[in-house]
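Visitor: Modelling step: build the complete structure from the supplied sequences, incorporating the hints.
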Amino acid sequence: MSSFDEHDAFEGASLSARAMAARPQPYLDELNPAQRAAVEALDGPVLMLAGAGTGKTKALTARIVHLLNTGRAQPNEILAVTFTNKAAREMKERVGRMLGQAVEGMPWLGTFHAICVKLLRRHAELVGLKSNFTILDTDDQIRLLKQLIAANNIDDKRWPARQLAGIIDHWKNRAWTPENVPGAEANAFNGRGIELYAQYQTRLRELNATDFGDLLLHVVTILQQHDDVLQQYRRWFKYILVDEYQDTNVAQYLWLRLLAGGHKNICCVGDDDQSIYGWRGAEVGNILRFEKDFPGAQVVRLEQNYRSTEHILAAAGGVIRGNQGRLGKELWTEAQGGEKVRLIGHWDGEEEARWIGEEIESMQRGTRGMRAFDLDDIAILVRASHQMRAFEDRFLTIGLPYRVIGGPRFYERMEIRDAMAYFRLVVSPEDDLAFERIVNTPKRGLGDKAQQTIQAVARAHGVGLVDGARIALDNGDIKGKGGAALRQLVDGLARWHGMTRGPVLAFDENDDAVIDDGAAPQVRYGEPDLSHMELAEIILDESGYTAMWQNDKTPEAPGRLENLKELVKALEQFENLAGFLEHVALIMDNDKGDDGAKVSIMTLHAAKGLEFPAVFLPGWEDGLFPSQRSMDETGLKGLEEERRLAYVGITRAEEICTISFAGNRRVFGQWQSQLPSRFIDELPEEHVEVLTPPGLYGGGYGAAAPARSGIETRASEADVYNSPGWKRMQERSSARPASQPSQSRGARSTVLDLEAVSSHTVGERVFHQKFGYGAILGIEGDKLEVDFEKAGVKKVVARFVTGADDVPF
DNA sequence: TATTTTCCATTTTTT
DNA sequence: ATGGAAAATA
Numbered sequence: 001m002s003s004f005d006e007h008d009a010f011e012g013a014s015l016s017a018r019a020m021a022a023r024p025q026p027y028l029d030e031l032n033p034a035q036r037a038a039v040e041a042l043d044g045p046v047l048m049l050a051g052a053g054t055g056k057t058k059a060l061t062a063r064i065v066h067l068l069n070t071g072r073a074q075p076n077e078i079l080a081v082t083f084t085n086k087a088a089r090e091m092k093e094r095v096g097r098m099l100g101q102a103v104e105g106m107p108w109l110g111t112f113h114a115i116c117v118k119l120l121r122r123h124a125e126l127v128g129l130k131s132n133f134t135i136l137d138t139d140d141q142i143r144l145l146k147q148l149i150a151a152n153n154i155d156d157k158r159w160p161a162r163q164l165a166g167i168i169d170h171w172k173n174r175a176w177t178p179e180n181v182p183g184a185e186a187n188a189f190n191g192r193g194i195e196l197y198a199q200y201q202t203r204l205r206e207l208n209a210t211d212f213g214d215l216l217l218h219v220v221t222i223l224q225q226h227d228d229v230l231q232q233y234r235r236w237f238k239y240i241l242v243d244e245y246q247d248t249n250v251a252q253y254l255w256l257r258l259l260a261g262g263h264k265n266i267c268c269v270g271d272d273d274q275s276i277y278g279w280r281g282a283e284v285g286n287i288l289r290f291e292k293d294f295p296g297a298q299v300v301r302l303e304q305n306y307r308s309t310e311h312i313l314a315a316a317g318g319v320i321r322g323n324q325g326r327l328g329k330e331l332w333t334e335a336q337g338g339e340k341v342r343l344i345g346h347w348d349g350e351e352e353a354r355w356i357g358e359e360i361e362s363m364q365r366g367t368r369g370m371r372a373f374d375l376d377d378i379a380i381l382v383r384a385s386h387q388m389r390a391f392e393d394r395f396l397t398i399g400l401p402y403r404v405i406g407g408p409r410f411y412e413r414m415e416i417r418d419a420m421a422y423f424r425l426v427v428s429p430e431d432d433l434a435f436e437r438i439v440n441t442p443k444r445g446l447g448d449k450a451q452q453t454i455q456a457v458a459r460a461h462g463v464g465l466v467d468g469a470r471i472a473l474d475n476g477d478i479k480g481k482g483g484a485a486l487r488q489l490v491d492g493l494a495r496w497h498g499m500t501r502g503p504v505l506a507f508d509e510n511d512d513a514v515i516d517d518g519a520a521p522q523v524r525y526g527e528p529d530l531s532h533m534e535l536a537e538i539i540l541d542e543s544g545y546t547a548m549w550q551n552d553k554t555p556e557a558p559g560r561l562e563n564l565k566e567l568v569k570a571l572e573q574f575e576n577l578a579g580f581l582e583h584v585a586l587i588m589d590n591d592k593g594d595d596g597a598k599v600s601i602m603t604l605h606a607a608k609g610l611e612f613p614a615v616f617l618p619g620w621e622d623g624l625f626p627s628q629r630s631m632d633e634t635g636l637k638g639l640e641e642e643r644r645l646a647y648v649g650i651t652r653a654e655e656i657c658t659i660s661f662a663g664n665r666r667v668f669g670q671w672q673s674q675l676p677s678r679f680i681d682e683l684p685e686e687h688v689e690v691l692t693p694p695g696l697y698g699g700g701y702g703a704a705a706p707a708r709s710g711i712e713t714r715a716s717e718a719d720v721y722n723s724p725g726w727k728r729m730q731e732r733s734s735a736r737p738a739s740q741p742s743q744s745r746g747a748r749s750t751v752l753d754l755e756a757v758s759s760h761t762v763g764e765r766v767f768h769q770k771f772g773y774g775a776i777l778g779i780e781g782d783k784l785e786v787d788f789e790k791a792g793v794k795k796v797v798a799r800f801v802t803g804a805d806d807v808p809f
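Residue 498 in full-length UniProt numbering sits at position 498 of the first sequence, with consecutive numbering throughout.
Hints in this document: simulated from the structure, not taken from any laboratory. Careful: at least some of the hints might be erroneous.
[To be verified] Estimated spans, in silico, between C-beta atoms of each pair:
#1 534 <-> 443: 23 to 31 Å
#2 128 <-> 401: 49 to 57 Å
#3 623 <-> 205: 29 to 37 Å
#4 623 <-> 456: 47 to 55 Å
#5 182 <-> 392: 38 to 46 Å
#6 448 <-> 558: 28 to 36 Å
#7 186 <-> 280: 47 to 55 Å
#8 634 <-> 334: 35 to 43 Å
#9 565 <-> 227: 49 to 57 Å
#10 583 <-> 777: 45 to 53 Å
#11 235 <-> 448: 33 to 41 Å
[As the list claims (entries may be wrong)] Straight-line distance between alpha carbons at most 30 Å, and here's what the computed DSS-like set of lysine-lysine pairs gives:
#12 92 <-> 329
#13 340 <-> 329
#14 443 <-> 569
#15 443 <-> 479
#16 86 <-> 479
#17 481 <-> 553
#18 92 <-> 569
#19 264 <-> 329
#20 92 <-> 58
#21 443 <-> 565
#22 58 <-> 329
#23 86 <-> 329
#24 553 <-> 569
#25 118 <-> 481
#26 157 <-> 449
#27 130 <-> 292
#28 118 <-> 86
#29 146 <-> 598
#30 58 <-> 598
#31 553 <-> 292
#32 264 <-> 86
#33 449 <-> 479
#34 118 <-> 238
#35 157 <-> 443
#36 553 <-> 565
#37 92 <-> 264
#38 92 <-> 238
Given the structure is predicted, the values throughout are model-derived calculations rather than measurements. Note that the Cβ used here is the ideal one computed from N, Cα and C, for glycine as well.
Guide: Quick look at the structure:
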């Protein structure tokens, strides 16, 4: 309800204004003049333009502390939004540390989404939801859309659910409800987009569910349509802070503008040069327009960089200068000297990986007057995740420890989602999407036919699928083996449900859950009969899910069981299953313990906000980086975002930044010749050192363009192919036909293939890039059966193995 | 209903 | 090349 009592509705403040005002302000002395200006400008709109490595978080934290210290606001009157949980966590920690005393939390410091969930639970009924709504993940969303597409007799081959999900997401990012989608979008999804969007929203409401986009959209709708609610929050949130403002989308922007509309005490922190999320709805325009949106805004620029050498900053600056319409910022540092940005070309992608592997090994020892680096100090930042494979393969074979950051997240793994679907279903038996996910997992002999029967019965009786299944069983619609298994499942769900606390109905003033106890909603705080961890184990065991993986003999099965154990362990920190599910829906975190020093491999996007003493930036080739697709789809806008990505990449480096490119690369299985990235031409020559090909035991042969001319001109195709390096390479490769691609385009001759096949004999010892060493057991045409020492018996295509004596370096 | 075969797309990713 | 998902088949 919108009529809430402010004293009860918000978590209490812990420090009185008077006590705070008297506190000393040592933190101010640690700031440079720009940072200090940004911290002390407390009232009215402020835009803090914080370049990479300029102490943004420090200033932001100090600002919060200063607000508290000067008695301007209580901890619970400050709204501080971030994009990631990690950033939120970090800020909480740092505020606590700087304050030197535990503040009783900052309840409104969190991600956009987390804060929106909190708001939406309080006002759900204003958009037709109950406050215990569930938050769908992408899987559920797709499943639901698939159903809608099918129900509308649309060919999902031509019009896939994924695409519709993307369109709807895009609309929600712009805060367009089905009614407000502009006419220009009417053609979307074969002209049915808007209509399907409306159906989807209706369906979500029926399911008492939201997707991620809704969290923001619904709150914006509420604030727009209910002035009383808006006014109360405007009064409550005395100060607003926003991190990474350049990443906000339209919905987030509207949300902020609504809430800040009264007092306008809003401080946005960001860097227009680091806006790299345009493809998921971020609008650089938001930050570029700040002064127009908030007239009289103070703009503070943080330009002193504490992270990188002057060469690295100059190189980054040289690249980003190519962008139009920047707010303008020039990073500088007091640090002098240091290594220039290094540039090297390679023959192909594997060669590049090989060279970087060797370079890392020598950096560990310390070479050429450079200090020794720890593996943790080194990162490889790629444009696209598929580039990682070359490095993983190579590092695996040379035994160099690495870690991939931002791979598939724990909570996105199949077994975890399955388990969670069981939990969801136990907590809320109406969760039809969860039911669909697990009816036949493990296999219960319930195929399409049985599932359709359940759907039909459920629809006929206007109930959820679980109830529908029960009715169908009672009617005798599903018999036999499948029927028995379904009966067991349905009974199990009911039994497990009885063992939980009921679903969360609402939150009271302490944010404690008010529990719906089933038939008659009543508050029940009593201890459940058994811990939710025990319950979770019971669910997984009795449903047969654990057994399914125990009986599975694929190599990944043990890992999956391990993950399930971890999942149950993760439950420990929560009150009950419902609390856990809420947490997981919002926090797809994945920081598992790290053991030992490792090189980090990640995408440029994942690297934002991080820093490393030594950074490798491979794959700087036109089409790959800048990405062809980006340029095709959004033209100059896309190219500029790619350029910002380059800027982000370079500015991650503290001491050594090594950029590289390859002349040939396998793209979707086809060899393609590549040209060096246009961004390479934009690097200021005087801050770049072109590494000459080492030439030791066939190490890196520079694709001669940069070695020839430096970097002031664009290397033309002719330069690459007529270069000494190219010719030398061709000679070398023809001497070793089976181990190296010998031609740039896909025109590998059959002669070579035949050679490769006929050159092997049973019993021969061979080497495979991925599986290592092994002995040939049999030959079938161009396929070999090989018993690998580490990987076991595998069938491989002959041209991917080489004689063991012939291993390329 | 379960397994095998074919087909297809294929940057970036948080919440 | 490759993995995932739909279609074809046992």
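Visitor: Going straight from one Cα to the other, do residue 92 and residue 238 come out at no more than 30 Å?
Guide: Roughly 18 Å separates the two Cα atoms, so the pair holds.
Visitor: Against the 30 Å threshold, does the CA-CA distance of residue 118 and residue 481 hold or violate the hint?
Guide: At roughly 45 Å apart (the allowed maximum being 30 Å), residue 481 and residue 118 break the hint.
Visitor: Taking 30 Å as the top limit, are the C-alpha atoms of residue 449 and residue 479 close enough?
Guide: holds (12 Å)
Visitor: Has the given pair, residue 86 with residue 329, been kept, meaning a C-alpha gap of at most 30 Å?
Guide: holds (27 Å)
Visitor: Given the proposed pairing of residue 157 with residue 449, does the C-alpha separation stay at or below 30 Å?
Guide: This hinted pair holds, its Cα atoms lying about 22 Å apart.
Visitor: Per the hint of 23 to 31 Å, is the separation of the Cβ atoms of residue 534 and residue 443 within bounds?
Guide: holds (26 Å)
Visitor: If you draw a straight line from the CA of residue 92 to the CA of residue 329, is it 30 Å or shorter?
Guide: holds (28 Å)
Visitor: Is the gap between the beta carbons of residue 565 and residue 227 within 49 to 57 Å?
Guide: holds (51 Å)
Visitor: Is it true that the CA of residue 443 sits at most 30 Å from the CA of residue 569?
Guide: Judged against 30 Å, a Cα distance of about 26 Å means the pair holds.
Visitor: Using the Cβ atoms, figure out if residue 182 sits within 38 to 46 Å of residue 392.
Guide: Given range 38 to 46 Å: holds, Cβ gap about 45 Å.
Visitor: Hint check: residue 264 vs residue 86, CA-CA at most 30 Å. Holds or violated?
Guide: holds (27 Å)
Visitor: Could you grab the alpha-carbon distance between residue 553 and residue 569 and see if it respects the 30 Å cut-off?
Guide: holds (24 Å)
In terms of the numbered hints stated before, the structure departs from hints 3, 7, 11, 16, 25, 27, 29 and 31, listed from lowest to highest.
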